[in-house]
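Trainee: Start from the sequences and build out the full structure, keeping to the hints where you can.
So the sequence lines, in the order shown, correspond to chains A and B. Start counting the first sequence at 1; every next residue gets the next number (this note's numbering). Start counting the second sequence at 1; every next residue gets the next number (this note's numbering).
Since no wrong hints were added, every one of them can be taken at face value.
Here are the simulated EDC-like pairs of lysine to aspartate or glutamate, each with C-alpha atoms no more than 20 angstroms apart in a straight line:
no., chain 1, residue 1, chain 2, residue 2
1, B, Lys168, B, Asp46
2, A, Lys168, B, Glu107
3, B, Lys168, A, Glu107
4, B, Lys168, A, Glu156
5, A, Lys168, A, Glu107
6, A, Lys168, B, Glu156
7, B, Lys168, B, Glu107
8, A, Lys168, A, Asp46
If you're looking for bench data, these hints aren't it; they were derived computationally from the structure.
2 protein chains.
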Amino acid sequence: MSSCTPIVNRRKSSLLLKRIEHPMNLTIRSAHPADLRAILTLLAQDSMNAPEPALPSAQHYRALETIDAHPDHTIAVGTLNDDVVATLQLSFLPGLAFQGAWRAQIEGVRVRSDLRSQGFGAQMIQWAIHQARARGCNLVQLTSNQARTNARRFYERLGFHASHIGMKLYL
Amino acid sequence: MSSCTPIVNRRKSSLLLKRIEHPMNLTIRSAHPADLRAILTLLAQDSMNAPEPALPSAQHYRALETIDAHPDHTIAVGTLNDDVVATLQLSFLPGLAFQGAWRAQIEGVRVRSDLRSQGFGAQMIQWAIHQARARGCNLVQLTSNQARTNARRFYERLGFHASHIGMKLYL
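Mentor: Rendered as structure tokens:
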């Protein structure tokens, strides 16, 4: 069982911000404000809800600034030749179970539509799992819309188990 | 669509800590260290994983202290005549989607086994939804183990939709 140091006031580790090069040249790093338009395009390309606007608003910039300043949350981007082609959000959550272990949570996983099935999504998830291990988390969790019929097998190949039902209530 | 003020540095609102009395006398408040033993007993009573120990460890106390100091996370307890009979964890997560809206997440929902089906779980969830609205969140989300066969209907009655698959990877 992993122990986990409380990290409320700890800054993002240098590891999290370090660029990781993959054999297929995907570079994964924390998002910059200049990436926002590309990130929103990825979100809009594959939205299960109301489409996001293609142009970032002041609220989007503020949200990224908030996330960037927060030690427990990161918007990551995957780039190829400096083009943003993938994104995900990685969050770390404290809890009482498992001797007070932290858990990692992945949200908003997207890969550019013309670049799917080439292993880039797997690289993004493996990067997130690596960050979770580095933080001493005992669990990585995510939910996937049931309409994404191939996603379950994708995550199962990466070691995830579809043990839960994901319930949402929009306010 | 709700707008949401960035609240990374904001303390827990007084609302969150205010006791709310329900017709059936369930009182919901943030957990104190003295509640830990009762909380762990609730977790152990109904664990889908390795059972939690009945006695809190130093790690559990540190975890509760961390959570209590964090403006985005709360362990809530529901009490009857000052006995802790229910618990849940409520977390607030920033994001980019929905114009940078925050979402609320519920984890670790438990009601004492001899007090189920009396509406106490619903009171706990409705309390959490109320807190989510007060924080301007656009979404409340949770996952429920598929082995909890009645849970899906319970959450659907409260307005949740079982739209997602919840995937877990233990490290």
